[in-house]
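Next come the chains, spelled out residue by residue.
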Amino acid sequence: MTNEELKIKITELLPSATFEEGGDFLNINIESKDWLSFAMQLNSDNTLAFDYLFCLTCVDWKTHLTMVYHLTSTKFRHNIVIKSKLEKVNPAIETVCKIWRTAELHEREVYEMFGVNFLNHPDLRLLILPDGWEGRNPLLKDFDDPINMIKL
Amino acid sequence: MWSISNIANWVNEWLGKNFSAAWVTVFEMVIAGILVISLFAVLGLILVIMERKVSAWMQIRLGPNRVGPKGLLQSAADTVKLLVKEAMTPNGADKFLFNLAPYLAIVVSMLLMAPIAFAKDFMLWDLNIGVLYVSAISSVSVISILMAGWASNNKYSLMGAMRSGAQIVSYELSAGLAILSIVVLTGSLNMNDIIRSQADGWWIFKGHFPVWISFIIFLIAITAETNRAPFDLAEAESELTAGFHTEYSGMKFALFFLAEYVNVFIVCAIGATLFLGGWMPFHIGHWEGFNHIMDFIPSSLWFFGKTFFLIFLIMWFRWTFPRLRIDQLLNLEWKYLLPIGMINLLLVTAMAILKWHF
Amino acid sequence: MVEEIGTTADGDLIINVGPQHPATHGVLHLVITLNGETIKKVEPHLGYIHRSIEKMCESLSYRQFIYVTSRMDYLSSHINNHGCALLVEKAMQIEVPARAQAIRVLLDELTRIASHELWWGAMAMDLGAFTPFFHAFREREMINEIMEDTCGARLTMNYILPGGVLEDIHPDFVKKTKEFIALFKRKVDEYFELLTGNIIFQNRMKGVGILSAEDAISFGCSGPTLRGSGISCDVRKHYPYEIYSQLQFEEVLETGCDSLARYLVRLREMKQSIHIIEQLIDNIPEGDFQAKTKAVLKLPKGEFYQRVETARGEFGIYVVSEGGTTPYRIKFRSPGFSNLSALDHMARGSKIGDLVAMMGTLDLVIPDIDR
Numbered sequence: 001m002t003n004e005e006l007k008i009k010i011t012e013l014l015p016s017a018t019f020e021e022g023g024d025f026l027n028i029n030i031e032s033k034d035w036l037s038f039a040m041q042l043n044s045d046n047t048l049a050f051d052y053l054f055c056l057t058c059v060d061w062k063t064h065l066t067m068v069y070h071l072t073s074t075k076f077r078h079n080i081v082i083k084s085k086l087e088k089v090n091p092a093i094e095t096v097c098k099i100w101r102t103a104e105l106h107e108r109e110v111y112e113m114f115g116v117n118f119l120n121h122p123d124l125r126l127l128i129l130p131d132g133w134e135g136r137n138p139l140l141k142d143f144d145d146p147i148n149m150i151k152l
Numbered sequence: 153m154w155s156i157s158n159i160a161n162w163v164n165e166w167l168g169k170n171f172s173a174a175w176v177t178v179f180e181m182v183i184a185g186i187l188v189i190s191l192f193a194v195l196g197l198i199l200v201i202m203e204r205k206v207s208a209w210m211q212i213r214l215g216p217n218r219v220g221p222k223g224l225l226q227s228a229a230d231t232v233k234l235l236v237k238e239a240m241t242p243n244g245a246d247k248f249l250f251n252l253a254p255y256l257a258i259v260v261s262m263l264l265m266a267p268i269a270f271a272k273d274f275m276l277w278d279l280n281i282g283v284l285y286v287s288a289i290s291s292v293s294v295i296s297i298l299m300a301g302w303a304s305n306n307k308y309s310l311m312g313a314m315r316s317g318a319q320i321v322s323y324e325l326s327a328g329l330a331i332l333s334i335v336v337l338t339g340s341l342n343m344n345d346i347i348r349s350q351a352d353g354w355w356i357f358k359g360h361f362p363v364w365i366s367f368i369i370f371l372i373a374i375t376a377e378t379n380r381a382p383f384d385l386a387e388a389e390s391e392l393t394a395g396f397h398t399e400y401s402g403m404k405f406a407l408f409f410l411a412e413y414v415n416v417f418i419v420c421a422i423g424a425t426l427f428l429g430g431w432m433p434f435h436i437g438h439w440e441g442f443n444h445i446m447d448f449i450p451s452s453l454w455f456f457g458k459t460f461f462l463i464f465l466i467m468w469f470r471w472t473f474p475r476l477r478i479d480q481l482l483n484l485e486w487k488y489l490l491p492i493g494m495i496n497l498l499l500v501t502a503m504a505i506l507k508w509h510f
Numbered sequence: 511m512v513e514e515i516g517t518t519a520d521g522d523l524i525i526n527v528g529p530q531h532p533a534t535h536g537v538l539h540l541v542i543t544l545n546g547e548t549i550k551k552v553e554p555h556l557g558y559i560h561r562s563i564e565k566m567c568e569s570l571s572y573r574q575f576i577y578v579t580s581r582m583d584y585l586s587s588h589i590n591n592h593g594c595a596l597l598v599e600k601a602m603q604i605e606v607p608a609r610a611q612a613i614r615v616l617l618d619e620l621t622r623i624a625s626h627e628l629w630w631g632a633m634a635m636d637l638g639a640f641t642p643f644f645h646a647f648r649e650r651e652m653i654n655e656i657m658e659d660t661c662g663a664r665l666t667m668n669y670i671l672p673g674g675v676l677e678d679i680h681p682d683f684v685k686k687t688k689e690f691i692a693l694f695k696r697k698v699d700e701y702f703e704l705l706t707g708n709i710i711f712q713n714r715m716k717g718v719g720i721l722s723a724e725d726a727i728s729f730g731c732s733g734p735t736l737r738g739s740g741i742s743c744d745v746r747k748h749y750p751y752e753i754y755s756q757l758q759f760e761e762v763l764e765t766g767c768d769s770l771a772r773y774l775v776r777l778r779e780m781k782q783s784i785h786i787i788e789q790l791i792d793n794i795p796e797g798d799f800q801a802k803t804k805a806v807l808k809l810p811k812g813e814f815y816q817r818v819e820t821a822r823g824e825f826g827i828y829v830v831s832e833g834g835t836t837p838y839r840i841k842f843r844s845p846g847f848s849n850l851s852a853l854d855h856m857a858r859g860s861k862i863g864d865l866v867a868m869m870g871t872l873d874l875v876i877p878d879i880d881r
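Chains as they are written, first to last, in the working numbering: chain A, 1 to 152; chain B, 153 to 510; chain C, 511 to 881.
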């Protein structure tokens, strides 16, 4: 499906979604509360079939966080990017690791690096960082570690 | 003619002239003990350097080449290193069993040296049940491995030991059946009788097809019994780091290492004795002239030549095959080798009764 | 951590494989729950070589951050560099000279062969066969020498810059590469003879580590791991970059879904890489090896994503730019991280010896996972 067709289809599924121009892929902004049901539709819809989550990450915009999901379909080879704004304080979003199982490890990484709480995640704990790092999230812009970080 | 047995007889006579009978026995035992221990050390050195050179040859590299001429003293240097190293005992280990295990391993392989005929009329103990003795004592070695694995208080060691236990106990059966087929053919358990029965040709030639099968089964079984690749599950280093000797260091580790190589030598010596005629030169039926020429080569050379040929075969296996999985290993034994061995034993028995062999 | 030693309440054994273990090829730490020899659960603990490269890149310029990526998947460092350079070129619309493109692709494929050779040797060693390792390294050494001549380095090449390559190729490059191809074509067949046909090897690989197509997609696997499950996913085919769209090559697919399929995919991929090199080696266009670029690179405001096919799978770079000289946020989508997530699913119910085979066929490079 082309980006235009995708736009029409996705507007049908989620009228509140807004589209963003620029970048390589079609960017879709959604509310974080709509995410789980929308993700299920994206995965199960026969004409969309977004079955492959190839990149899951988060961006710290200082005022808020944005979850970024890159999805593709191994059947139709179309790509979309889903973005969802989160609060800076106590960010939380539903987990999608039931739909795309690769999300389990990726969400754990985002949890420790950005402090995003993934609701209903089966095993949300530190993956990369050592014990005792809870609460200090290295990839946030205000993180500071005077000993280990070298300012260039 | 010069031979080892002549020297032994000469020593015996000289002692008999100068000392009373009781002292002669004591002196001869001391000499035998020293010989076994020095043979042990020399075998260890030779086999380790041989393994490293064989593996290097198969892996297109040079192998050890710095210590001594062509690196031949490398294993001596390694021994010194291992002797000087601290032999640690982990805190959680059962200290008595932990320290006992390597000595048990080495004692078992020393005991196995007794009934082996190294040359014509030269063996430590001419036992009338030599073959039975060997199969009985060799199964004790599994106890030392289990002991080491259990006493180390390490899960890798324990798993390695358990694997090894399952493996040695299973493969003993096949090795036993393969040995039995030769016992059936010769009608004797005595090593010397078995060798003398091959004066008109080795069993591998005389016994044709069924003995070939026995020989192949025997080779597979001894490779498994000595825990060497492709059956080195007890110490599978990519799975269990080092298996049952994970916690051992220094000389205690070296003893396990030494025991492994000496065991390889012993099982190959037994294989050579049973199937390839031991020290018996290459004889063909009643070709007296040919047989006589062959007799000029000393019997000890024949023995060591055959043994080292088998050792080379086993090293060849190790450096070419990947490792089996534990269930495949047991399947191979219980579903294939054991039934084949049993049917083969039946064939050999029929052959022995009907005199189909040469 | 206390819960990682001893046994569970059900009497199952818990074993720590790694961070120092002969089979993990690096500092991967797997906590395995075992019932006898049967695996009940595999839980990866990462971070032993985590350097926070993503954070580091936020303070590096668009020329500098390329070199950090060499340190991630050190076996396909050239391809990682390539991806980063492509992203900057795409964002700034830099036209790369044809000569540079051909050189980049040539070195990409050489890197892929070198990486697969190391994998082949290391995997055979995991299975207990030591000899293949040395046979593979003999040929890998030739590639390393070619790389050394041209790039000045053997492992972390750092040869690519935005707009081209650092230097022109070495005068001996074409000759040496041709010699290598001629030899390597015979050697690939030797690899098949030495290991693939071995009955023990076949038994160890067949039906082990089953990863069905649906699971492989769901776990986000890529590269040979996904192609071993029969899913076409080659970035070079589906999202062609550089001159791959003009080259003749076949995407290798196997439908076995097991370790053997993944093994065969990689071996056959080496042959395809040779095929690509053969097409290019006599046709390297003349001209500049570098486009003229500004001294200071500034990416326009926006978000960019570039993917390349490394030896391990799809490597993605996601850059958020605020228009400055450094990236605002950078995310590396490493193939190893996603492939690793499938390990637990694959390993459950199999023997501990199979885990080693599975790890071997996933071809994990730990710095690539930890970043």
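What the hints contain is simulated information worked out from the structure, not anything from laboratory work.
No experiment lies behind these values; they were computed from the predicted model shown.
C-beta atoms are modelled at their ideal positions from N, C-alpha and C, and glycine is treated no differently.
Misleading hints may appear alongside valid ones.
DSSO-like cross-link-like pairs, simulated, lysine-lysine; straight-line CA separation at most 30 Å [claimed, not checked]:
(1) A:Lys33 with A:Lys141
(2) C:Lys781 with C:Lys697
(3) C:Lys550 with A:Lys141
(4) C:Lys600 with A:Lys75
(5) C:Lys811 with A:Lys9
(6) C:Lys600 with C:Lys861
(7) A:Lys85 with C:Lys550
(8) A:Lys83 with C:Lys808
(9) C:Lys781 with C:Lys565
(10) B:Lys307 with C:Lys550
(11) C:Lys804 with A:Lys141
(12) B:Lys358 with B:Lys205
(13) C:Lys747 with B:Lys307
(14) B:Lys205 with C:Lys697
What the simulated footprint calls covered on chain B by chain C, stretch by stretch (three residues with Cβ under 8 Å from a Cβ of chain C suffice, anywhere in the stretch; the number is not a length) [to be verified]:
(15) 209-218
(16) 468-477
Now for the hints, and whether the structure bears them out:
no.	hint	result
1	A:Lys33 with A:Lys141	25 Å, holds
2	C:Lys781 with C:Lys697	10 Å, holds
3	C:Lys550 with A:Lys141	40 Å, violated
4	C:Lys600 with A:Lys75	26 Å, holds
5	C:Lys811 with A:Lys9	28 Å, holds
6	C:Lys600 with C:Lys861	47 Å, violated
7	A:Lys85 with C:Lys550	38 Å, violated
8	A:Lys83 with C:Lys808	25 Å, holds
9	C:Lys781 with C:Lys565	38 Å, violated
10	B:Lys307 with C:Lys550	16 Å, holds
11	C:Lys804 with A:Lys141	29 Å, holds
12	B:Lys358 with B:Lys205	34 Å, violated
13	C:Lys747 with B:Lys307	47 Å, violated
14	B:Lys205 with C:Lys697	24 Å, holds
15	209-218	holds (count 4)
16	468-477	holds (count 7)
When the structure is compared with the earlier hints, violations turn up for hints 3, 6, 7, 9, 12, 13 and for no others.
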